[in-house]
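Quick note on numbering that gives the first Met the number 0: the sequence shown kicks off at 0 and runs consecutively.
The hints are simulated quantities; they were obtained by calculation from the structure and are not laboratory data. Errors might be hidden in some of the hints.
Cross-link-like lysine-lysine pairs, in silico, DSS-like; alpha carbons within 30 Å at most [said to hold, decoys possible]: (1) Lys513 with Lys463; (2) Lys184 with Lys381; (3) Lys337 with Lys297; (4) Lys107 with Lys123.
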Amino acid sequence: MPRMTAARAAVEILKLEGVSHAFGVPGAAINPFYKALKEGGGINHTLARHVEGASHMAEGYTRSNPGNIGVCIGTSGPAGTDMITGLYSAIADSIPILCITGQAPVAKLHTEDFQAVDIASIAKPVTKAATTVLEAAQVPGVFQQAFHLMRSGRPGPVLIDLPIDVQLTEIEFDPETYAPLPVYKPAATRAQAEKAIQFLLESERPLIVAGGGIINADASDLLVEFAEITNTPVIPTLMGWGTIADDHELNAGMVGVQTAHRYGNATFLESDFVLGIGNRWANRHTGYKLDVYRGDRKFVHVDIEPTQIGKIFAPDFGIASDAKAALELFVEVAKELKAAGKLPDRSAWVASHLERKATLQRRTHFDNVPMKPQRVYEEMNKAFGPETRYVTTIGLSQIAGAQMLHVYKPRNWINCGQAGPLGWTIPAALGAATADPEVPVVALSGDYDFQFMLEELAVGAQHKIPYVHVLVNNAYLGLIRQAQIGLDINFQVNLEFENINSPELGVYGVDHVKVIEGLGCKSIRVTEPDQLLPAFEEAKKLAAEFRVPVVVEAILERITNIAMSKTADISDVSEFEELATEPGHAPTAIRPLQAS
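Based on the sequences and whatever the hints tell you, model everything.
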């Protein structure tokens, strides 16, 4: 039996489980693992500037391709606590990442050793498992179990904490005999599929709500096939955006109190049956007025996690199943019903949703200076094609982007859906661009999100990771400012100041161009709407030429209120701006505007 250090055994297992890239920051307590990483070969490593950044890079990496599991590595104590936000983000969105931390020697864990902390206990609430390995011989089993847990059931993150003496201890381990554990995923039965589709048959105005579980299961093609066979319109959730292309006739738009389309909410409110697949009825989708969301509709809920069913409200029928397993059966049953001529004609219902999609639109074309953000998204739609992979986290930029941008493929909207930590976008974009360099990545941030972890841009410069970052700058915490309107305050949300080193900025404060260039990247500042499209085209050229992140900063008007509900009610969304009333008001809308 071959002998090697436990750290080397861990590295060999990573490779056997399909890991080819890791993100992290070395340090004393994890250095033996880094030695094994170097000597073992086969795993590329990206050095982050902040350990939280490494965890978000791992998230972006995982979210980009089916089967990916991002790995983030850090030393003891603060490195582990820094990665907690990434673990929380990952578990909230059902994203598998593996966090590996170094630790003080086993004998010192109770003595308040330098940078020793019980990271396993801290991480337990935001992981599927968190373990400090006290015996070196257990390392292979702990890593094997970690991958099994990350892939089984509802995906999620795992943390493994390795004391330095455990890493250095030699153990018996033969990589040639290692095999991953079988993955467990619950699967719907034929009887369950038939009952679910019976609800569909009995309805007149059905909808499918397509959640992120469909993307996790790599089942978007099956979703589209099922929708097409039954001629049922689809409402993607924010996490499920891209399961069906925005320009598909059965894409009915998104629903919610923030990241929603006018036509999506209107169509949902006309529906009488909803089949939710791989979704969790998130509050930004349903709103808090569940009586409005539920109405007199009937609901069937399919989710891989049994305890999700009934968590928000009790459906009329629930199925604990992986989305792909359920959709395979749904397609099978639907094909049989179609062949037997038993599927109802849904053409009038589909036509009505398409009419709403062509009439209930928001205006994007404004010529104001300073710019309105809507114009930025309009020009992004012109500049960035259907292959574009967008990455963003939270804020008015994300909300407006979800209302106005277009997504055509699964995994082309990489979004931190539930946790929404500021600073997530830059490292996640770097992780996504690392995972799949052939897909053009475009990140979207407000100025506050951008400033949280902008040091990670240096990672893109060092490791030659090109992407385009659109920075919309109003020198405000825009979403929080808008949320404070109901409280009649505007408090501690104003970021304006006059920069003594860049007086030409006026009150916009931080000179992002200087900072970005100081970090080794390229930047373009835009102050007028007609400059946007040329700037985006130039950014793509610069990214390709210099192989670094390129930031396009759009200087916005200070205050723009983005459409959302003040009452957390999907039937009561406030429109703060002029609506589109003629085609020129929304020239990049999916369907040309028609007079209502």
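Taking the hints in turn, this is what the structure says about them:
no. : hint               : in the structure
1   : Lys513 with Lys463 : 20 Å, holds
2   : Lys184 with Lys381 : 41 Å, violated
3   : Lys337 with Lys297 : 23 Å, holds
4   : Lys107 with Lys123 : 21 Å, holds
Of the numbered hints listed earlier, the single one contradicted by the structure is hint 2.
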